[in-house]
Amino acid sequence: MSTTTTPARKELTAEQIWTVQPGERRSVGVIHIVITALLIGIGFVVGSFGSISFPLGFGVNFFWTGIAVQQVGSIWFGLWGVIAGTIFPFFSNAIAGTPFYISAAYIPANFVQAFLPAWAFRYFKADPRLRSGRDYFILLIAMIVSSAFGALWSPLVVLRGFGLLTTESVPLFVWGWFGGNVVAGIVFNFILLKALSGVVIRTPAFVKRWWA
Amino acid sequence: MNKTMLGYVPKESPIYAVHPFVKLYFLLIVSLFPMFVAAPEWNFLLLVFILALMVISRVDIRIVRIYIPVAISMGSIILISYTILGGRHPEFQVIFNLFGLPIYWERVRDAMVVYFRILPMIATMVFFLSTSRERDIIVAMRTIRLPFVVTYVFAMALRSAGMVLEDFQIVRQAEQARGFDPTGKPLTYKIRKYIMYMIPLFALSLRRSEEFTNALVARGYAFTGEASHVKRADYVLTHYTFKTHDAIFTTLITLAFIALLIARYGLHYFSLDHSWFIQWLHAVLS
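Going down the list, the protein sequences come from chains A and B. The first sequence begins at 2 in the numbering used here and counts up one residue at a time. The second sequence begins at 659 in the numbering used here and counts up one residue at a time.
Isolated chain A (complex conformation) (with noise of 0.2 angstroms):
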């Protein structure tokens, strides 16, 4: 009796998911245009989710769900991710009743807690499955880096800027926006990355370098 088995597909390496293999295309596509859309709707859901539910005030929250679409959307669509994590605590933070120029000046900390660890899975070349500990160390230090400049930036330049808040109450919104930001993305990004990296890196929309 004779059998047939399906060959199983060739696991890819850490390095092999960054790097563009000889005689593969990568450019950018609708696909691309289509998930920095999505991650916008989700990011405004889950993001308002943490804004409404645990604010702390001028869209500070204790507990801010919307940074999973942060990170994790920028680790596996690179540029697109970072640009759907800019934009979309606009909303979220619109709909939470912060200011339209408050929500602006946040910009810069927002591009920063997308950006970096995007960066830092391509640059050290970590595995978004989370293979080994060295993965997951690369997430957590980019977590906290990122989001250090984010509680550090918006109570200190743009809180204190519109004289929201005085110095002595400016480490109470810089431990908010941090612990809030931290916790969530121990809560999230572990998993989601474990969950679902293995299939996200199979499609098409996945970015290997900035744009494709």
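No lab work stands behind these hints, which were simulated from the structure alone.
With a Cα cut of at most 25 angstroms, we get these calculated DSS-like pairs of lysine-lysine: (1) Lys11(A) x Lys195(A); (2) Lys851(B) x Lys195(A); (3) Lys195(A) x Lys209(A); (4) Lys848(B) x Lys195(A); (5) Lys126(A) x Lys11(A); (6) Lys209(A) x Lys126(A).
On a predicted model such as this, the values are computed, not experimentally measured, just so you know.
Start from chain A and add chain B according to the hints.
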């Protein structure tokens, strides 16, 4: 009232006769006004003016009630930040002691100034969200000649937010059907289990991205290369014309802003020294 992705808008309203660009321009310019005004009474007047515009626009004022907790929480944070967390300043005037903590007049005054700056900014945002349908925002973006792809991404993002909400309900019902019941469970449990919604939501969105792309490609949409240079018919703009009254409103907003700048920096109006409210508050608290 009609539900939009960003809020509730009236079914019929005189504001719909105004071009969407004017509403966007109002949001962008009038949000700046409180930054140049220190005297709280003027910012309060601006707040009343925006609320009056909402009434004229037939916005259901019950919508504003949704934002009252936001306004109260922001007010409380500002007041606590300036008074209780404001530190000790021997050079300031103590108006009373709260459990041994000195509350300074200068801190209370600054908290009031900041709070009355934030309120009209929130009101301007609420006014925009309560009078602009999704299509209005897209028309405003097309009017200021933003590239087609930017407008398209925005429109798709709003559409996909609606789909994500639908997906969220579907996933929730599916999990309830399998026996998941977070009722009465602590908040930490609910937060941890929130991931059970996130994974299916992401997975569904990835699948949808391929469906969306196939539909767009089949219709000949392209955002790069030769095909993207084809001039598109701005169908949505054919429904909106920029009329004389829109030009008048735009000019009035611009002139009001210029007048504000002249009054603030040329004539030194709107400062705390000229504020009767601050003088009255000082007399009451001292």
